[in-house]
Amino acid sequence: MDDKIKLTKLANCAGCGAKVGAGVLAKLLDGLKVRTDPNLLVGFDKSDDASVYKVSDDLALVQTVDFFPPIADDPYTFGAIAATNALSDVYAMGGEPKLALNIMAVPASLPKDAVHQILHGGYDKAYEAGAIITGGHSILDDEPKYGLAVTGFVHPDKVLTNSGAKDGDVLLLTKPLGIGILTTAAKADLVSEDTMAYAVRLMTTLNKSARDAMVKYRVHACTDVTGFALLGHACEMAQGSDVEIHLSVGDIDLIPEALDFARTGILPEGMYRNRSFAEAYVDAGDTELAKQDMLYDPQTSGGLLIAVHPDEADALFEELSSSVPSAQRIGTVRAYTGGARIYLR
Amino acid sequence: MIDARGLSCPMPVVMVQNEVKKSSPDEVKVMVDSMVCVENITRFASSKQYDVEVVKKDGEFELTLKKKK
Chain A
1 MDDKIKLTKL
11 ANCAGCGAKV
21 GAGVLAKLLD
31 GLKVRTDPNL
41 LVGFDKSDDA
51 SVYKVSDDLA
61 LVQTVDFFPP
71 IADDPYTFGA
81 IAATNALSDV
91 YAMGGEPKLA
101 LNIMAVPASL
111 PKDAVHQILH
121 GGYDKAYEAG
131 AIITGGHSIL
141 DDEPKYGLAV
151 TGFVHPDKVL
161 TNSGAKDGDV
171 LLLTKPLGIG
181 ILTTAAKADL
191 VSEDTMAYAV
201 RLMTTLNKSA
211 RDAMVKYRVH
221 ACTDVTGFAL
231 LGHACEMAQG
241 SDVEIHLSVG
251 DIDLIPEALD
261 FARTGILPEG
271 MYRNRSFAEA
281 YVDAGDTELA
291 KQDMLYDPQT
301 SGGLLIAVHP
311 DEADALFEEL
321 SSSVPSAQRI
331 GTVRAYTGGA
341 RIYLR
Chain B
1 MIDARGLSCP
11 MPVVMVQNEV
21 KKSSPDEVKV
31 MVDSMVCVEN
41 ITRFASSKQY
51 DVEVVKKDGE
61 FELTLKKKK
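If you read the protein sequences in the order shown, they are chains A and B.
Letter by letter, the first sequence follows residues 1 to 345 in this note's numbering.
Letter by letter, the second sequence follows residues 1 to 69 in this note's numbering.
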């Protein structure tokens with residue numbers, strides 16, 4: 001009998017699919033007094049990926065935290081994915097991660113070696129990112145959880161938010177979509193070994209090279225595509241920037257096996273949450289339902305969505321093509337015309 | 001009748017898929033207890049040319065899939 005621990009069997013919800021929906025979150029935060037500070041460059045008013053605090057004229061602090069229940073059965077892989085995902089928020093702001101703290105919840109029954117492997121996966125990714133782990137906090141809980149609180153640095157004039165997109169910008173994406181659907185299908189052992197290995201490679205690929213490439217160009221806005229899915233995050237970008245976004249669905253890299261699952265109703269709960277949050281702002285045209293579902297699929301450790309000046313889109317696209325898992329030119333930003341925020345064609 | 005109450009996704013839709021694959025029946029009945037399962041099974045049914053009737057009772061859902069004539 002295979003007595004290897006299967007971490008996902010201990011999880012109620014996979015990865016970023018466990019995220020509280022965007023609409024629900026807004027209600028939960030409603031009424032809480034928000035204090036401001038002249039040095040706070042990015043707070044949570046525009047639903048951004050991390051907060052940014054200016055320390056001096058040439059240094060700002062980027063802070064973020066992210067953790068979730070197991071999305072992979074193998075403890076090392078789970079740790080590596082959770083860390084990659086947490087570090088990503090710093091990259092999405094154009095920053096570089098420097099310090100990280102572990103956040104962990106473990107069942108008392110989880111073998112010590114498994115706990116050690118989760119941490120090992122996290123440490124390896126933090127070190128690959130050039131950050132150091134300096135401590136952390138762990139509690140006992142029936143459902144395991146792991147992630148990092150990350151502090152990074154960015155030049156105050158080079159902060160990238162999700163709310164700076166401009167009319168004419170070209171939208172680039174750096175990883176394919178379909179991770180949430182695959183991890184849901186994996187719960188019923190439906191995913192081929194090759195595709196699952198590909199999904200794990202994607203989730204453990206740092207957005208570092210995407211960040212390192214984009215900071216050399218005139219990028220106006222950036223966000224990482226995670227729990228709220230491409231359309232949820234694109235919607236926040238469009239609203240925050242007061243623009244509309246036109247996506248060319250045929251140019252978006254949809255993992256073929258995930259699209260097959262979408263067509264037969266193998267879809268995570270988070271997909272429906274994302275749909276109900278964003279669909280009022282989306283004009284889907286005659287886009288096939290399963291393809292729409294792929295665009296609402298919650299991603300764990302997804303790629304960066306980048307709005308770049310049209311004159312520099314070709315050069316950035318070319319540079320990304322040799323450094324990220326899947327460089328895609330997926331659409332354009334246009335001035336808001338008062339209707340939907342996102343058009344799918 | 002497939003009883004998929006208490007099971008989390010994607011198990012309920014997988015059970016329905018297996019039933020359809022096995023014998024391609026004219027009618028399949030299934031009980032589920034979440035809207036996500038209702039939606040997932042409805043998407044699967046329409047991909048296989050089945051119509052779906054949903055009856056809600058006490059927070060549970062009885063779905064009847066009927067092959068389109």
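The set of hints was computed from the structure by calculation and includes no laboratory data.
One or more hints might be untrue.
Here are the simulated DSS-like cross-link-like pairs (lysine-lysine), alpha carbons at most 30 Å apart as the crow flies [claimed, not checked]:
(1) A:Lys291 with B:Lys67
(2) B:Lys68 with A:Lys291
(3) B:Lys69 with A:Lys216
*Which hint numbers doesn't this structure obey?*
3
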